[in-house]
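Participant: Numbering (our numbering), first residue to last: 18 to 392.
Bear in mind the hints are in silico, worked out from the structure with no lab data behind them. Beta carbons: idealized from backbone N, C-alpha and C, even for Gly. Be aware that one or more of the hints could be misleading.
Label pairs and their computed distance ranges (CB to CB) [to be verified]:
1) Glu138 x Ile378: 58 to 66 angstroms
2) Ala81 x Glu106: 22 to 30 angstroms
3) Ser103 x Leu165: 47 to 55 angstroms
Distance condition first, Cα-Cα at most 16 angstroms in a straight line; then the derived EDC-like pairs of lysine to aspartate or glutamate [what the hints assert, rightly or not]:
4) Lys130 x Glu92
5) Lys130 x Glu82
6) Lys130 x Glu77
7) Lys222 x Glu34
8) Lys222 x Glu85
9) Lys168 x Glu37
10) Lys33 x Glu241
11) Lys389 x Glu241
12) Lys168 x Glu85
13) Lys168 x Glu92
14) Lys33 x Glu223
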Amino acid sequence: MLERLFNWRFWPLFFKEVNELRRNRRMIAMMLVPPTLNLVLLGFAMNPEVTDLRLGIVDESRTAESRELISAFTESRSFVPSGQYSSVEELSRALSMGELEAGLVVPSDFATKRTRGEMAEVQLLVDSVNSNTGGIAGGYASRVIAALNEKISLRKSTVQPARASSRVSIFYNPGLQNSWFIVTGMIGMLMVMLGSLAASSAMVKEKEVGTVEQLLMTPAGSAEIILAKMTPIFLLLSVDIGLSAVVGNFVFGVPLRGSLMLLYGSGMLCVLSGIGIGTIIATFTRSQQQAQLMSFFVNPPLSMLSGATTPIEAMPEWMQPLTHLNPVKHFAVLARGVMLKGVGLDVLYPNFLALLAFTIILVGVSVWHFRKQLN
């Protein structure tokens, strides 16, 4: 049995591919450096928090009450005062020129209404060219005013009425670090994208240089040829799984509370899914340029429908079922469960089985189709 294994025709082809990959140091660098670098950049850049919004102020009241309101805005980390304006028109002009992100207008009767216990309204002007920033700024302003109202009511009342209270307990991410969500989702997305690009490039290269016919003249079968092409890419990209976990922990403090073996095994299935996608792409293309162009029609939908960077619950309801057909989505659930929650296969087995099924289908179809094309 061992003699048959060692004499398997797969090994000469495998070592040939390893030698070719070893000589192509640029390819090795591209498969190892960009994933870790992108993980760091996206972990910092894809942050939904909005801070230091430039705030212009029109204070028509000029009273202690209006100054208290302005102080409540400026004491928060959300807004930074960027100047006083004499009129609403001047403030609007600054907003339109991009000098401000928000403007606060305090009317002249603000203090009088507050003294009488009436509803004292203020106006917040928000530059909503970026709708996300505009919505977040409006939410921040509402919370600042609510906190000020609570402070005033506590200060004025001598006898405290009975109040309903709640205690919020935050599990798995006590610091509410957005980077933990981004990093654990991006690992699978990068594995699939790199696997598909590297596999399609390697397979199509044989067509371009005309070595496919030479390989078919060897005693090795087409399945052995395809397996030998896939294995070095798979082994090299498997290193990226460990690098990503180390970078996530070192740079962003992402913990690893669960099984490293489960995380690594799931990551290897994710890499194989990407290689399967890349091999399928290679069967429909004749050059590396065509393969790269077709990848643009495959990888972006996989990324957007994965829940890797945005919650699936934020998608339209009709689109959410489509995410179940995405291997990246299942790996993101596995990575977050293992790294952040510390749960095991007894909880995550549905996603693991789904990822395993996708891997078998994608690799099986790609090998069958490429083998049929070779024959």
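Participant: Evaluate each hint against the coordinates.
Facilitator: Hints, verified against the model:
The given range of 58 to 66 angstroms is respected by glutamate 138 and isoleucine 378, whose C-beta atoms sit roughly 60 angstroms from each other. Our hint of 22 to 30 angstroms for alanine 81 and glutamate 106 holds, since their Cβ atoms are close to 27 angstroms apart. Checked against the hint of 47 to 55 angstroms, the C-beta distance between serine 103 and leucine 165 comes to roughly 24 angstroms, which is inconsistent with it. Restraint check: the Cα-Cα separation between lysine 130 and glutamate 92 comes to about 24 angstroms, which exceeds 16 angstroms; the hinted pair is violated.
The straight-line distance between the Cα atoms of lysine 130 and glutamate 82 is roughly 10 angstroms, inside the 16 angstroms bound, and the hint therefore holds. For a cut-off of 16 angstroms, the pair hint linking lysine 130 to glutamate 77 stands: about 14 angstroms separates their Cα positions. A distance of roughly 12 angstroms separates the Cα atoms of lysine 222 and glutamate 34; the hinted pair therefore holds under the 16 angstroms criterion. With a C-alpha separation of about 69 angstroms, the suggested pair lysine 222 and glutamate 85 falls outside the 16 angstroms cut-off, and the hint is violated.
Only pairs whose Cα atoms come within 16 angstroms are accepted, and lysine 168 paired with glutamate 37 is rejected, the gap being roughly 70 angstroms. Among the hinted pairs, lysine 33 with glutamate 241 is consistent with the structure: their alpha-carbon atoms are about 13 angstroms apart, no more than 16 angstroms. Restraint check for lysine 389 and glutamate 241: satisfied, since their Cα atoms lie roughly 13 angstroms apart, inside the 16 angstroms limit. For the proposed pair lysine 168 and glutamate 85, the alpha carbon gap of about 11 angstroms is at most 16 angstroms, so the pair holds.
A distance of roughly 14 angstroms separates the Cα atoms of lysine 168 and glutamate 92; the hinted pair therefore holds under the 16 angstroms criterion. For the hint linking lysine 33 to glutamate 223, the alpha-carbon distance of about 13 angstroms falls within 16 angstroms, and the restraint holds.
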